[in-house]
Structure formats: C-alpha cells, structure tokens
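Peer 1: Starting from the known structure of chain A, arrange chain B on it as the hints suggest.
Chains as they are written, first to last, in full-length UniProt numbering: chain A, 1 to 156; chain B, 1 to 144.
Keep in mind the hints are simulated off the structure, nothing from the lab. Just so it is clear, the structure is predicted and the values come from calculations on it, not from any experiment. By construction, the Cβ of each residue, glycine as well, lies at the ideal position given by its N, Cα and C atoms. Some hints could be false.
[Said to hold, decoys possible] The calculated lysine-lysine pairs, modelled on DSBU-like cross-linking and capped at a C-alpha distance of 35 Å, are: (1) K145(A) - K127(B); (2) K98(A) - K47(B); (3) K145(A) - K4(A); (4) K47(B) - K127(B); (5) K47(B) - K145(A); (6) K47(B) - K4(A); (7) K4(A) - K98(A).
[Claimed, not checked] Here's a subset of chain B near chain A, in silico, CB distances under 8 Å, partners left out: (8) P4; (9) Y9; (10) G14; (11) L51; (12) V63; (13) M78; (14) S82; (15) S92.
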Amino acid sequence: MDDKTRRDRVSRFIHTLNQARELGLSVTDAGEGHLTLCLPYSDRIIGNPDTGVIHGGAITTLMDTASGSVILCALEEFELCPTLDLRVDYMRPAEPGKPVYARAEAYRITRNIIFTRCEAYQDGGDTVANCVATFMRIGRDASPKPYRDLITGGAE
Amino acid sequence: MTDPEILRYTRETGDFSRMLESIPYATFIGLACERFGDDLIFRLPSKETNLGNPILPAIHGGVIGGFMEMAANIYLMMSQDSLRMPRIVDFSLDYLRAGLNRETFAECRLTRQGNRVANVMVMAWQKSRQEPIAMARAHFLLED
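Next up, chain A with everything else stripped away, as it sits in the complex (with noise of 0.2 Å):
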C-alpha cells in the first residue's frame, strides 16, 4: 500500500465519523504506521471563553482520531479497532486561533491488541499534548463488507 492510498483510505473514513466532519477534521500526512490529522481552530469548541482556549475534549476527540485511524496506515486491509483506553496529558493550553495538529504512530501490532502513541502540537513545534492508547482487534469481518469497500474504495 503506497502513502497515497493510506491516506485516501484515511479520508474516507473520518468522513463516516460525524464528529470528525463536525470538527472538521482533516489528513495532513499519512505513512506505514504513521499519520497527521488538523484540527482547525473554531469558536464553536472553545472551553473557556476569557481566553478562547479551545477545551480539551476536542482534542481528546483530535487524537482519539489520529489514534485509531494510524491502524488504516499500518494494517493493510482496513478493520475497525475499537479503543481500549487513552490515556492524555496535557502539557499547555493550545493557542487560539490557530489549529492543531495530531501525530498518530502505531508503535506495536498484536494479534489482539494494537498500541498507539500520539502527540498534539501547533506551528512552532510546542507540544499541546501527549496520548497513549490501545485498540481492540476484533477482525476484519466483524465490519460489514460495503463498508470496508467504502473506505478501501472497493481495493481489499
């Protein structure tokens, strides 16, 4: 699977995750075992309105994201991993105005369990914050197939 490939099937299936399209969530970069996901900055999401700071729930959601869809760019047929556990920690506020970027990396593949690390950051380089997660392999098959075809645009 090329890069281009990881990251249409990327694409395609935040589109399915309505609170991925509601934040507007979008693919920067995508790799064996590794992806970027944006999230751009919105007033809609703000958790504190003295400072515009953006509430870290969205950015739960923003890795919880790159988390779980770095599995599409380090399995080569696509299954829906549900998360075990995450685990954030946050290093400062983000900046408003100004979007966040998520790094997503699967850092271990299992028969039954896939490991995540991710870091939250923003232009300049500072980081927002840190997550590790686990996902659950429950198997190719336990998605229905015109969805698997869906996000792997037909190509198993």
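Peer 2: Positioned in the frame of chain A, the structure of chain B alone reads:
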C-alpha cells in the same frame, strides 16, 4: 473557565444553564447538568453530530472523553469554596462498552484533594449505572 458571577449564581441556584451557555464546547456536544441535593448528574443527550462509528452507530470515543472531562472540571469547580479554576493535568479513560446513540449520564467523585492537586473519578453509563460504558480518572491543578 467561567465568570465569578455566573459561578456564584450556579452555586446558589443549582441552575447550570447560564454556566453551560457561557462555555461553547458544552453547547457543541450538548452537555447538561442537574443538581440533586449535593449530587451532580451530568447528561449528554443523544445527538447525531456526536457519533463516531457509523455502523453501530456509537458516540465518538473522543466525545465521551470530552463529556467526562468537562463533567470532572465542573464538578471540581462546584466542590471548591474559592473561585479558583482547576486546570487539567492528565486524563485517563477506560472504555468498557460501546456508547450507543442514546442519552449518556455521568457522575464524579473527588477521590483526593491536596493543596495543589485534586484527583477526580468519573463514571459514565447509559441504560443502567450497573453497566458503565466508561470510567475515567483526572488530575487537576488548583491555582488561584
């Protein structure tokens, strides 16, 4: 996080509408809160835009996280005497069941409060409290 006057109003009346309207992200996911005596129950109504997995369909795990994180934050703010605003340090979340497209509830417990750091536990459920869909733990920094 919120205006001292709104905080005072919320503490006195138990009416969270003004506080929640002042926080855009609360409106974005639809978070609501009600007080029963001293207890707070947080609610996340079923909402199409909160969904992730379209097959089940299920609420996006990140939205469940954001809901529980904001619940912990508000709960902690209400349990303080001062007007200091807690700042989240970390958040650890275990998903136990799929959060289906229906109303979700959450309640919090202050596990430990020191001078500078507080530990809050959050439990979220849908059909029954006996069957939680997620459990979370968060640390907050308490600063003036």
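Peer 1: Flag every earlier hint the structure violates by its number, smallest first.
Peer 2: 8, 9, 10, 13, 14
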